[in-house]
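There are 2 protein chains.
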Amino acid sequence: MPIDEKDFIKLNYTGKVKSTGDVFDTTYEEVADEAGIKNENKDYKPMVLAVGSSQLIPKLHEEIKNLEVGDKATVEIPAEDAFGKRDPSLIQLIPMKEFKKQGIKPFVGMPISAQGTPGIVRTIDGGRVRVDFNHELAGKDIEYELEIVETIEDDAEKIRGLLEVYYGNPNLDLEKTEIIIDGEVAKIILDKLAGFEQRTVQEVTLSKFRVSREIYENMEEIKKVQFIDEFEEPEPEEEDVDTEEVPEKLADDE
Amino acid sequence: MPIDEKDFIKLNYTGKVKSTGDVFDTTYEEVADEAGIKNENKDYKPMVLAVGSSQLIPKLHEEIKNLEVGDKATVEIPAEDAFGKRDPSLIQLIPMKEFKKQGIKPFVGMPISAQGTPGIVRTIDGGRVRVDFNHELAGKDIEYELEIVETIEDDAEKIRGLLEVYYGNPNLDLEKTEIIIDGEVAKIILDKLAGFEQRTVQEVTLSKFRVSREIYENMEEIKKVQFIDEFEEPEPEEEDVDTEEVPEKLADDE
Numbered sequence: 001m002p003i004d005e006k007d008f009i010k011l012n013y014t015g016k017v018k019s020t021g022d023v024f025d026t027t028y029e030e031v032a033d034e035a036g037i038k039n040e041n042k043d044y045k046p047m048v049l050a051v052g053s054s055q056l057i058p059k060l061h062e063e064i065k066n067l068e069v070g071d072k073a074t075v076e077i078p079a080e081d082a083f084g085k086r087d088p089s090l091i092q093l094i095p096m097k098e099f100k101k102q103g104i105k106p107f108v109g110m111p112i113s114a115q116g117t118p119g120i121v122r123t124i125d126g127g128r129v130r131v132d133f134n135h136e137l138a139g140k141d142i143e144y145e146l147e148i149v150e151t152i153e154d155d156a157e158k159i160r161g162l163l164e165v166y167y168g169n170p171n172l173d174l175e176k177t178e179i180i181i182d183g184e185v186a187k188i189i190l191d192k193l194a195g196f197e198q199r200t201v202q203e204v205t206l207s208k209f210r211v212s213r214e215i216y217e218n219m220e221e222i223k224k225v226q227f228i229d230e231f232e233e234p235e236p237e238e239e240d241v242d243t244e245e246v247p248e249k250l251a252d253d254e
Numbered sequence: 001m002p003i004d005e006k007d008f009i010k011l012n013y014t015g016k017v018k019s020t021g022d023v024f025d026t027t028y029e030e031v032a033d034e035a036g037i038k039n040e041n042k043d044y045k046p047m048v049l050a051v052g053s054s055q056l057i058p059k060l061h062e063e064i065k066n067l068e069v070g071d072k073a074t075v076e077i078p079a080e081d082a083f084g085k086r087d088p089s090l091i092q093l094i095p096m097k098e099f100k101k102q103g104i105k106p107f108v109g110m111p112i113s114a115q116g117t118p119g120i121v122r123t124i125d126g127g128r129v130r131v132d133f134n135h136e137l138a139g140k141d142i143e144y145e146l147e148i149v150e151t152i153e154d155d156a157e158k159i160r161g162l163l164e165v166y167y168g169n170p171n172l173d174l175e176k177t178e179i180i181i182d183g184e185v186a187k188i189i190l191d192k193l194a195g196f197e198q199r200t201v202q203e204v205t206l207s208k209f210r211v212s213r214e215i216y217e218n219m220e221e222i223k224k225v226q227f228i229d230e231f232e233e234p235e236p237e238e239e240d241v242d243t244e245e246v247p248e249k250l251a252d253d254e
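First to last, the sequence lines map onto chains A and B. The opening residue of the first sequence carries number 1 in UniProt numbering; numbering runs sequentially from there. The opening residue of the second sequence carries number 1 in UniProt numbering; numbering runs sequentially from there.
One should not assume that every hint holds.
Remember, identical chains collapse to one label, so a pair may be satisfied in a single copy or spanning two.
Below, simulated DSSO-like cross-link-like pairs (lysine-lysine); rule was C-alpha separation at most 27 Å, straight line [what the hints assert, rightly or not]: (1) K223 x K97; (2) K224 x K187; (3) K223 x K105; (4) K100 x K187; (5) K224 x K192; (6) K10 x K176; (7) K97 x K187; (8) K38 x K72; (9) K187 x K10; (10) K187 x K176; (11) K192 x K223.
None of these hints come from the bench; they were simulated from the model. These numbers come from a predicted model, not from an experiment.
Whenever a hint applies, use it, and build me the whole structure from the sequences.
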């Protein structure tokens with residue numbers, strides 16, 4: 001049965017630079033290992049994808065719709081649809097004395113970071129250092145090898161998959177995340193650990209927005225997504241704990 | 001009618017150091033102004049308080065229970081029940097050279113901060129600087145002048161008051177915060193702006209916990225509090241916006 005526009009699938013993929021065959025991303029642990037890009041913190045397994053996602057590169061979208069569960073395929077993506085063309089304005093000449101000030105001795109190929117943007121030293125010419133702030137895959141045609149593993153039927157499982165891809169907290173225990181579909185509303189009660197992360201609220205709101213957009217764009221029946229933090233009254237204890245509490249001032253309103 | 005254990009009240013207060021009469025906190029704008037502690041960002045108005053709150057100093061609790069709406073009273077709080085006794089181990093001798101390293105020239109009375117803890121320079125003796133990290137009100141008996149303004153009957157208004165005191169985001173628009181009491185569950189759908197603050201999730205979780213504790217400890221019928229972030233599918237637009245979207249790579253899982 002071919003993949004449908006409205007399906008959620010699990011797929012494996014390997015992304016390569018077309019000209020060199022260099023692997024830059026993969027869901028297969030052994031491929032990552034072989035390519036020397038294995039991340040010990042990453043859980044290598046098939047990724048959940050909404051086939052109709054507006055975030056998907058159109059060519060990938062078209063290709064996947066022609067496949068069936070179990071199929072493999074290779075899709076070529078030109079640079080402009082992948083990581084973008086190279087932007088000459090992102091190559092900057094920086095005076096050598098700026099590096100000296102910070103006690104850095106630049107060399108060709110040295111990775112550096114300017115206000116969080118990664119760059120790489122391309123050339124050193126007398127007093128000037130040419131630094132390239134383009135994405136390292138910018139300007140490169142890439143290809144993805146795809147393998148459709150299965151389709152997902154269960155709504156809660158679809159949402160767990162989207163949380164895994166878009167929520168951005170690898171410590172989240174999705175088994176402890178309760179998902180309730182209540183008519184047009186998807187209610188997500190996250191694992192309690194989600195409340196203790198160090199990202200700012202604004203960063204997490206962006207993640208929640210991305211998960212929500214994938215849900216209401218790709219799950220026809222859902223119009224609203226709620227992320228719920230729950231705080232429950234603890235069961236009363238035997239002993240009277242009141243007397244052990246240290247009173248605060250009138251009201252700590254900071 | 002006297003104030004009851006289970007009441008929520010609005011009260012005005014002024015906190016003073018007993019020995020000097022120095023005002024350190026107040027809900028009256030003109031008192032703050034006169035004392036030179038007026039904060040332009042603070043909204044001076046009566047504060048909401050759960051009379052039965054376990055966070056309240058017991059002596060304040062007892063005193064408030066003897067009052068009625070409209071009453072005024074002054075309550076003395078000994079240092080150990082207010083900001084604590086002075087702790088000699090919080091007075092530290094720091095070599096002058098540590099200050100010099102950071103280009104700081106200390107003077108007696110200078111406020112400093114070490115890893116976020118505020119302190120004050122007490123003495124400078126040759127190469128040693130004595131810095132006091134005790135709270136500036138530690139060791140001081142204080143007194144609160146209280147005025148009971150009214151009691152609050154409406155559950156949503158009680159919760160809005162607790163959010164104002166304990167949530168810790170002064171930019172929150174409480175008029176835009178929806179509060180639904182659903183049996184034993186209080187549902188709080190915060191103003192959308194709450195999603196854009198720069199505190200970490202962990203800090204805000206602590207604030208949510210404090211609000212929740214005040215709710216389920218002091219509102220008998222509530223056993224569970226939910227903080228809900230909602231994301232709704234936007235109404236479809238006339239034009240087809242799909243073609244204007246810039247596709248991302250296969251899946252941006254960062």
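Up to 27 Å between alpha-carbons, please classify K38 paired with K72: within, between, both or neither. within (23 Å within a copy, 69 Å between copies)
Is it within, between, both, or neither for K224 and K187, if the alpha carbons may be no more than 27 Å apart? Both, since 9 Å and 16 Å are each at most 27 Å.
Cα distance capped at 27 Å. Does K10 pair with K176 within a copy, between copies, both, or neither? within (21 Å within a copy, 40 Å between copies)
Given a CA cutoff of 27 Å, do K100 and K187 count as a within-copy pair, a between-copy pair, both, or neither? Neither: 54 Å inside a copy, 56 Å across copies.
Evaluate K224 and K192 at a C-alpha cut-off of 27 Å and name the case that applies: within, between, both or neither. both (22 Å within a copy, 15 Å between copies)
Within, between, both or neither, where K97 and K187 count as close if Cα-Cα is 27 Å or less: Answer is neither; intra-copy 55 Å and inter-copy 58 Å both fail.
Alpha-carbon proximity between K192 and K223, which holds within one copy, between copies, both or neither at 27 Å: Answer is both: 25 Å inside a copy and 18 Å across each meet the 27 Å cutoff.
Check K223 against K105 for me: Cα-Cα at most 27 Å, and say if that holds within a copy, between copies, both or neither. neither (55 Å within a copy, 61 Å between copies)
Have a look at K223 and K97 and pick one of within, between, both or neither, based on CA distance no larger than 27 Å. Neither, since 56 Å and 63 Å both go past 27 Å.
Identical-chain pair category, K187 with K10, by Cα at 27 Å: The answer is within: 23 Å in one copy meets 27 Å, while 35 Å across copies does not.
Is it within a copy, between copies, both, or neither that the alpha carbon of K187 lies no farther than 27 Å from that of K176? both (14 Å within a copy, 21 Å between copies)
In the structure shown, a violation is registered for the earlier hints numbered 1, 3, 4, 7, in ascending order.
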